[in-house]
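There are 2 protein chains.
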Amino acid sequence: MQQQISVITLGIADLNRSRRFYVNGFGWAPVFENDHIIFYQMNGFVLGTFLKTALESDMNRHGLLQPGAFSLAHNVTGKDEVEPLMDRLAEAGGAILRAADAPAHGGFRGYVADPDDHAWEIAWNPAWTIDERGLVTFGV
Amino acid sequence: MQQQISVITLGIADLNRSRRFYVNGFGWAPVFENDHIIFYQMNGFVLGTFLKTALESDMNRHGLLQPGAFSLAHNVTGKDEVEPLMDRLAEAGGAILRAADAPAHGGFRGYVADPDDHAWEIAWNPAWTIDERGLVTFGV
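Protein chains in written order, with our numbering: chain W, 1 to 140; chain R, 1 to 140.
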């Protein structure tokens, strides 16, 4: 079985509010959008932001909760990029959960919640490589 | 800003129970494991399964909830692969949320929850390409 995830879909309440965080905060460009979903082409997979009611209907499960027991990480290539990006995400509607500091395993990272309370870790991790396409390889 | 996600981290209660779902169900191989986290090298990023208490401590936020307002998708290359994989995931500790059927936008998909109630969509979507490395490209 291919070791592959095709889509990460986040349930959101307001497309424009979420779009502002991802487009103005991260600086990402949608590849598709309509009145209930926005897709972003990522590094080898797709990120979707989908109205939570529609996601619940699609997965046949209601009462999805926030904050969910997960986080997403965006790694940067230099320690000095972590805090400016966290600041920009906060200006675009995010909320700082943990100011950036150095974890025991090395590197430098902080956490920001998106407007729907989904957690993003912004990290500099020098042990992991990121190629020019954005493909990330685990390292220790 | 690189349109890139480096890690998806799922909060879990029991490493062995979760490992059985991902290793025996999906057939994936860990790239690293210790007594609180297991990492899987995916298609251009890393999947982590991390004890929820440790994830909460790392992100400086407690009370993470399940089921969270998100889903992950694993796409397969043929319609006839969807149901056998869902069955194998159920045998490995998953729970069927939605039996496979055809959504309005085309293709064929169902949903399975992992042992920690994180939702996985298993989908055949002929409009999206998946290359030999598992890199997925959005299409309509």
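I should point out that these hints are in silico values taken from the structure, not numbers from a laboratory.
One should not assume that every hint holds.
Straight line, CA to CA, 25 Å or less: simulated SDA-like cross-link-like pairs of lysine to any residue [said to hold, decoys possible]:
1. R:Lys52 x W:Arg19
2. W:Lys52 x R:Gln41
3. R:Lys52 x W:Val140
Computed footprint of chain W on chain R, listed as stretches where at least three residues anywhere in the stretch have a Cβ under 8 Å from a Cβ of chain W [claimed, not checked]:
4. 5 to 11
5. 14 to 20
6. 25 to 31
7. 42 to 52
8. 62 to 76
9. 92 to 106
10. 124 to 136
From chain R, some residues computed to sit far from chain W (all C-beta separations above 12 Å) [claimed, not checked]:
11. Glu83
12. Arg109
13. Asp117
Heads up, the beta-carbon is just placed ideally off N, CA and C, and yes, glycines get one too.
Taking the hints in turn, this is what the structure says about them:
1. R:Lys52 x W:Arg19: violated, 28 Å
2. W:Lys52 x R:Gln41: Status violated; Cα separation ~29 Å.
3. R:Lys52 x W:Val140: Within the cut-off at roughly 22 Å; holds.
4. 5 to 11: holds (count 7)
5. 14 to 20: violated (count 0)
6. 25 to 31: holds (count 5)
7. 42 to 52: holds (count 7)
8. 62 to 76: holds (count 13)
9. 92 to 106: Check passed, 3 qualifying residues.
10. 124 to 136: holds (count 7)
11. Glu83: holds, 14 Å
12. Arg109: Since the minimum Cβ distance to chain W is about 9 Å, R:Arg109 lies within 12 Å and the statement is violated.
13. Asp117: violated, 8 Å
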